[in-house]
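Keeping their order, the protein sequence lines are chains P and Y.
Numbering of the first sequence is given in my numbering, commencing with residue 1 and proceeding in unit increments.
Numbering of the second sequence is given in my numbering, commencing with residue 1 and proceeding in unit increments.
Since the hints were made in silico from the structure, they are not lab data.
Mixed in with the good hints, there may be bad ones.
Unchecked claim - Below, in silico cross-link-like pairs of lysine to any residue (SDA-like), each with a Cα-Cα straight-line distance of 25 Å or less:
1. Y:163 x Y:179
2. Y:163 x P:204
3. Y:123 x P:205
4. Y:123 x P:190
5. Y:123 x P:188
6. Y:123 x P:206
7. Y:123 x P:288
8. Y:163 x P:214
9. Y:163 x Y:240
10. Y:163 x P:205
11. Y:123 x Y:100
12. P:288 x P:24
13. Y:123 x P:3
14. Y:123 x P:2
15. Y:123 x P:4
16. Y:123 x P:194
17. Y:163 x P:190
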Amino acid sequence: MSDTLRITGWVVLAALGIAAPFLISSGRWLEFIELTLFVAVLGQAWNILGGYGGQYSFGHAVFFGTGAYVQALLQFRFGFSPWLALPFAIASGAGVGAMIGYLSFRYGLRGSYFALITLAFAEAFRVLARSIVSVTEGGRGVSLPLNQDSGEVWTTLQFTFAEPFLRHAGYYYMILTVLILAYIAVWRMERSRFGAQLISVRENEDAAAALGVDAFRVKMKAICLSGMIAAAAGVYYVQKYLFVDPEIAYGPAKSVEALVAPIIGGLGTVIGPLLGAAFLHSIGEVAKEAIGALIGPRPGLDLILYGMILVLVLGYLPRGLAGLLDSAWRRLGGGR
Amino acid sequence: MAAFGRGALMLIVSDLTKRFGGLVAVDGASLRVDQGEIVSLIGPNGAGKTTLFALISGFLRPDAGAVRFEGQDILGRRPHQLAQTGLVRTFQIVRPFANLTVRENIATGAHTRIVPRREALEKADAVGQALGMGALLDRLAGDLPIAGRKRLEVARAVATGPKLLLLDEVMAGLNPSEIDEVTPMIRTIREGGVTVLLIEHVMRAVMTLSDRAYVLNSGAIIASGAPQAVVENPAVVEAYLGPGMAQRLKGTADA
Numbered sequence: 001m002s003d004t005l006r007i008t009g010w011v012v013l014a015a016l017g018i019a020a021p022f023l024i025s026s027g028r029w030l031e032f033i034e035l036t037l038f039v040a041v042l043g044q045a046w047n048i049l050g051g052y053g054g055q056y057s058f059g060h061a062v063f064f065g066t067g068a069y070v071q072a073l074l075q076f077r078f079g080f081s082p083w084l085a086l087p088f089a090i091a092s093g094a095g096v097g098a099m100i101g102y103l104s105f106r107y108g109l110r111g112s113y114f115a116l117i118t119l120a121f122a123e124a125f126r127v128l129a130r131s132i133v134s135v136t137e138g139g140r141g142v143s144l145p146l147n148q149d150s151g152e153v154w155t156t157l158q159f160t161f162a163e164p165f166l167r168h169a170g171y172y173y174m175i176l177t178v179l180i181l182a183y184i185a186v187w188r189m190e191r192s193r194f195g196a197q198l199i200s201v202r203e204n205e206d207a208a209a210a211l212g213v214d215a216f217r218v219k220m221k222a223i224c225l226s227g228m229i230a231a232a233a234g235v236y237y238v239q240k241y242l243f244v245d246p247e248i249a250y251g252p253a254k255s256v257e258a259l260v261a262p263i264i265g266g267l268g269t270v271i272g273p274l275l276g277a278a279f280l281h282s283i284g285e286v287a288k289e290a291i292g293a294l295i296g297p298r299p300g301l302d303l304i305l306y307g308m309i310l311v312l313v314l315g316y317l318p319r320g321l322a323g324l325l326d327s328a329w330r331r332l333g334g335g336r
Numbered sequence: 001m002a003a004f005g006r007g008a009l010m011l012i013v014s015d016l017t018k019r020f021g022g023l024v025a026v027d028g029a030s031l032r033v034d035q036g037e038i039v040s041l042i043g044p045n046g047a048g049k050t051t052l053f054a055l056i057s058g059f060l061r062p063d064a065g066a067v068r069f070e071g072q073d074i075l076g077r078r079p080h081q082l083a084q085t086g087l088v089r090t091f092q093i094v095r096p097f098a099n100l101t102v103r104e105n106i107a108t109g110a111h112t113r114i115v116p117r118r119e120a121l122e123k124a125d126a127v128g129q130a131l132g133m134g135a136l137l138d139r140l141a142g143d144l145p146i147a148g149r150k151r152l153e154v155a156r157a158v159a160t161g162p163k164l165l166l167l168d169e170v171m172a173g174l175n176p177s178e179i180d181e182v183t184p185m186i187r188t189i190r191e192g193g194v195t196v197l198l199i200e201h202v203m204r205a206v207m208t209l210s211d212r213a214y215v216l217n218s219g220a221i222i223a224s225g226a227p228q229a230v231v232e233n234p235a236v237v238e239a240y241l242g243p244g245m246a247q248r249l250k251g252t253a254d255a
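Build the full structure now, drawing on both the sequences and the hints.
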């Protein structure tokens, strides 16, 4: 597929995304899309490091959670404006990325060792968030005060008491903005020297080094960028739910969502995480409804389903849904 | 630093030694490559040729000795730094970026000196065409037969714009007609201003291509000079065929 065609496709998708709140009046459906976009952002963060760089993280919650905590605590403890907290939160994602990256890549940890160390970091941060009560409020979590003044909607970045349309779509547009920025960043990365070098490190690190690629530096850049985007997702989460606790921030759920979406959607492709998130959420929603109707609510069953889908995709669709689309496109005679 | 003319010193390896536990893989090896030359490094299997390459290109650290590249001491520099300075190696066991096209593979090399993606891809096209891979540019590297992969390994390295190229057995595993295609390719590379040091077992190629040859045996250089003189050297014959063989062969020839 040519770039012109791809760009057209993305512009159409973006236009649909922007138009969605006008077309969809049901709060429940818009919320469904909103959460899909949230997972698509987390997934894209993971995809930079895992999909393009071949460094599989099992603990991406560490970036999401740190972004969320920094955004929440700066407001809660120091009365920062959310706008002022935002750059600190995003920088904290890069900072944690730099720390974990330095410790892992400096000592050449790859493959399953890297996966384990990221998992360990997420767990360590969870324990710390739980135990340093004087800073993080421990297991109680941090609750931000709900703004009920419709005049303060933009200064507090809270849309619960905004005028009807913003109440309907404010948070949706917040995550859509993050998503568009993140996806443009990855699109541009894919077409840059940095992107080419990152992919070469994934494909073969020694060969990359022999061609002048500084693998350590490239991986450091990737993990910082990845951390920033995951932290931005954390900012959205805190502004929307006004609450974060150690489980939400650093529990395995976010780490798993971050990696499942791009793996199912298509590793190392711009659209993969979005496709994966949309597919998983649709399946999850349908399954929840079906299971709920048949045997009553059974939380956790959707996770089992995630696992089964993951195994099937890994077995039969190594290039994910994006790969499936790509071969369908070729078969239709496109791209010749 | 003064510019190097043709014939100036490019690489000096002196008394390089590498031990792996009790095994001395490279034992005080010294060699020299001048600018514009094609120099061969030959020797029996297990002689330490690839280890010597790894030492020169920064993939391994020697236990003793020195390596100078264009007059600078390069010991301890990392492989990517050396590649950026113009000292680039290929691998005997080829390492293509299997999920990328041939063009993208070569472009990764081109990015060593070129930042914009478009220009790197153009450079990849040019290098691919020059080295006879024009028809393969859109193929996935993982789908190439072995001869294509060997060629790609070289093309990728050439695209980095090297001054000195270390080629590790680019002809191994190729059939005679494929070898006949690679020989002019290496000449083309030299004509492009690149100095070449190559490890090779295919003697026909060594004889026709190289200006000089070094013979490595058990980690030590046992002979050097013009290729013809080197292969007739009794020490070299014995290194390959066993003690006493030089005398016996000579006897057969005289009879």
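Outcome of the hint check:
Annotation: proposed proximity of residue 163 of chain Y to residue 179 of chain Y holds, straight-line Cα distance about 24 Å (limit 25 Å). Taking the CA atoms of residue 163 of chain Y and residue 204 of chain P, the gap is about 23 Å. The hint holds against a cut of 25 Å. Proximity of residue 123 of chain Y to residue 205 of chain P is assessed by CA-CA distance (about 22 Å); at most 25 Å being required, the pair is judged to hold. Between residue 123 of chain Y and residue 190 of chain P, the direct Cα distance comes to roughly 18 Å. Compliance with the 25 Å bound is thereby established for this hinted pair.
The hinted pair formed by residue 123 of chain Y and residue 188 of chain P meets the criterion: a straight-line CA distance of about 20 Å does not exceed 25 Å. The straight-line distance between the Cα atoms of residue 123 of chain Y and residue 206 of chain P is roughly 22 Å, inside the 25 Å bound, and the hint therefore holds. Of the supplied pair hints, the one linking residue 123 of chain Y and residue 288 of chain P is violated, its CA atoms being roughly 53 Å apart against a limit of 25 Å. With a CA separation close to 19 Å, the supplied pair residue 163 of chain Y and residue 214 of chain P stays within the 25 Å bound.
The straight-line distance between the Cα atoms of residue 163 of chain Y and residue 240 of chain Y is roughly 32 Å, outside the 25 Å bound, and the hint therefore fails. Restraint check for residue 163 of chain Y and residue 205 of chain P: satisfied, since their Cα atoms lie roughly 22 Å apart, inside the 25 Å limit. Between the alpha carbons of residue 123 of chain Y and residue 100 of chain Y the distance comes to roughly 16 Å, so the proposed pair stays at or under 25 Å and holds. About 22 Å separates the Cα atoms of residue 288 of chain P and residue 24 of chain P, which keeps this hinted pair within 25 Å; it holds.
A hinted pair counts as satisfied when its Cα atoms are at most 25 Å apart, and residue 123 of chain Y with residue 3 of chain P qualifies at roughly 20 Å. Between residue 123 of chain Y and residue 2 of chain P the alpha-carbon distance is near 20 Å, which keeps this suggested pair within the 25 Å criterion. For a cut-off of 25 Å, the pair hint linking residue 123 of chain Y to residue 4 of chain P stands: about 22 Å separates their Cα positions. The straight-line distance between the Cα atoms of residue 123 of chain Y and residue 194 of chain P is roughly 17 Å, inside the 25 Å bound, and the hint therefore holds.
At roughly 29 Å between alpha-carbon atoms, residue 163 of chain Y and residue 190 of chain P are farther apart than 25 Å, so this suggested pair is violated.
Checked against the numbered hints above, the structure breaks hints 7, 9, 17 and satisfies the rest.
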